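Engineer: So you can see what is in the structure, the chains are spelled out below.
2 protein chains.
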Amino acid sequence: MIRRLTLVGLGLLGGSIARAARAEGLAAEIAAVGRDAARLEPARADGAIDVATTDLAEGLRGAELCVLCTPVATLRAVLPEVWRAAPGGCVVTDVGSTKAAIVALAQRLHDTRPVPFVGSHPMAGSEQSGYAAARPDLFRGALVIVTPTDRVEPAHAKRVVEFWEALGARVTEMDPEHHDRAVAAVSHLPHLVADALVAAVLGMDPGFLDVAGAGFRDTTRIAAASPRVWREIFQENGEALAGALAAFRRALGDLERLVATGAADAVEAELDRIRLARAGMGRPAR
Amino acid sequence: MIRRLTLVGLGLLGGSIARAARAEGLAAEIAAVGRDAARLEPARADGAIDVATTDLAEGLRGAELCVLCTPVATLRAVLPEVWRAAPGGCVVTDVGSTKAAIVALAQRLHDTRPVPFVGSHPMAGSEQSGYAAARPDLFRGALVIVTPTDRVEPAHAKRVVEFWEALGARVTEMDPEHHDRAVAAVSHLPHLVADALVAAVLGMDPGFLDVAGAGFRDTTRIAAASPRVWREIFQENGEALAGALAAFRRALGDLERLVATGAADAVEAELDRIRLARAGMGRPAR
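First to last, the sequence lines map onto chains A and B. Heads up: the first sequence begins at -12 in my numbering, then just goes up one per residue. Heads up: the second sequence begins at -12 in my numbering, then just goes up one per residue.
Derived from the structure by calculation, the hints contain no laboratory data. Mixed in with the good hints, there may be bad ones.
What the hints assert, rightly or not - Stretch-level coverage of chain A by chain B, calculated; a stretch enters the list once three of its residues show a Cβ under 8 angstroms from a Cβ in chain B:
hint: 1; stretch: 180 to 189
hint: 2; stretch: 207 to 216
hint: 3; stretch: 241 to 252
Since this is a predicted model, take the numbers as computed values, not measurements. Beta carbons are placed, not taken as given, at the ideal position from N, Cα and C, and that holds for glycine.
Bound-form chain A, shown alone (with noise of 0.2 angstroms):
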């Protein structure tokens, strides 16, 4: 039982998180931090959180567990503000769907006061946004990967790990760089070339759209998200997309080239390895 768990950002994360740490009774008392009193209210008036306040301090007194929920590229300016007032033993950790950046603050900051920090990235969400889009089960089934470092106690990465097992996800450990890589390449990656795939119809004749069918709209949907979100996730995690960008260039280059010049059974064969490939994935991690 956690005596408090603050939450500093209560949009669709931090809204699905108290809802579901309320849900699972995992803390005594929740508190949400927020730029704008009112916008915390429904949250209070629905008994997912306790207390409402846009000043950290008072968010943070008595916090044994603290996860910060805000927009990715908002996290590096709380997490200076987070440091200073986070009360001793307070283990601090966020839901940025990038890493290495987060972490490497985190570890300058440990210099000047240790605040146990572990970076997590729950691999859950929706086209939809904040606080009304909340729900207790978001992360029932989800992937949470969680970055700890050497500079962390293996008491807090575990404080961490349990936390998101409580709100029922699986969790998996990674290097912070190896995690930006590896969501460059699933997730990043795929995001901008379906944006690419609408930008390069609407380029040939927006009309053509007329005629597409499933493949097309499966193929797009993700391009359906919220560019504002986009736009931070891929500004933050601009190295690893540019090297994910080159290895897709060079992959398409090869199948190009295969399926233009190649024999049919050389074509099917790689067809099939990719289609091989891609079935042996495992579940959805959502």
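Keeping the supplied structure of chain A fixed, place chain B upon it in accordance with the hints.
Structural biologist: Just chain B now, with coordinates in the frame of chain A:
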């Protein structure tokens, strides 16, 4: 009421046409021509077809409408034989997913004998194949693109259009070359891109697939389709696909540069333009 409807090839599409035409009572007699008599037997046993034969001339005897439902690479080999065997007045169409090559061949054959040929491309299908996957409602609500030329009498084009409409499809007419560019853009390009996404991740680190979520699954779903079918389509529509790939590379390069160097507002405006264009697409063709 069609006196005899002849289907050359009885897989997913031919079988679904047989079952739908039977359900709608569109033909007094349905004949199927296949290379392997045993594989036609289930359709005769369940009443979807009346005549099963491996002899094209026998299958076409007395036919008023003939639909070629073989794989796209076989169509051009079959068409000259159909041309010789079709009875006078029999209208011929097909279900191939590229149209310029087959229509051009029909134009050349037309100089030897005026058989009315009207190209069709039903945008319906499944990752499954074969008669076992055939469904009488496969064309209900699906888009069928019909590609008549000025060699075709309007009455013959009308017969083909009305046939698809009787199966529940929406029909649109298009020039064969325009058709091939459109499907290259919204069907063949996304497919090759989905294949390249999987291949790129395999090239980077196959372990990355362990953290892939719903976004990656949606974006690459079409990579699960039949290697044989898609090798044929990619190679059959190679020229239009190369044009679509060039447009895609430009769009991807533009987007990458914008994300790497653009102001937040400019990136978000572009992502929003893409999001809105996609949201404005008509209801799914299938």
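Engineer: Mind listing which of the numbered hints don't hold for this structure, in increasing order?
Structural biologist: none
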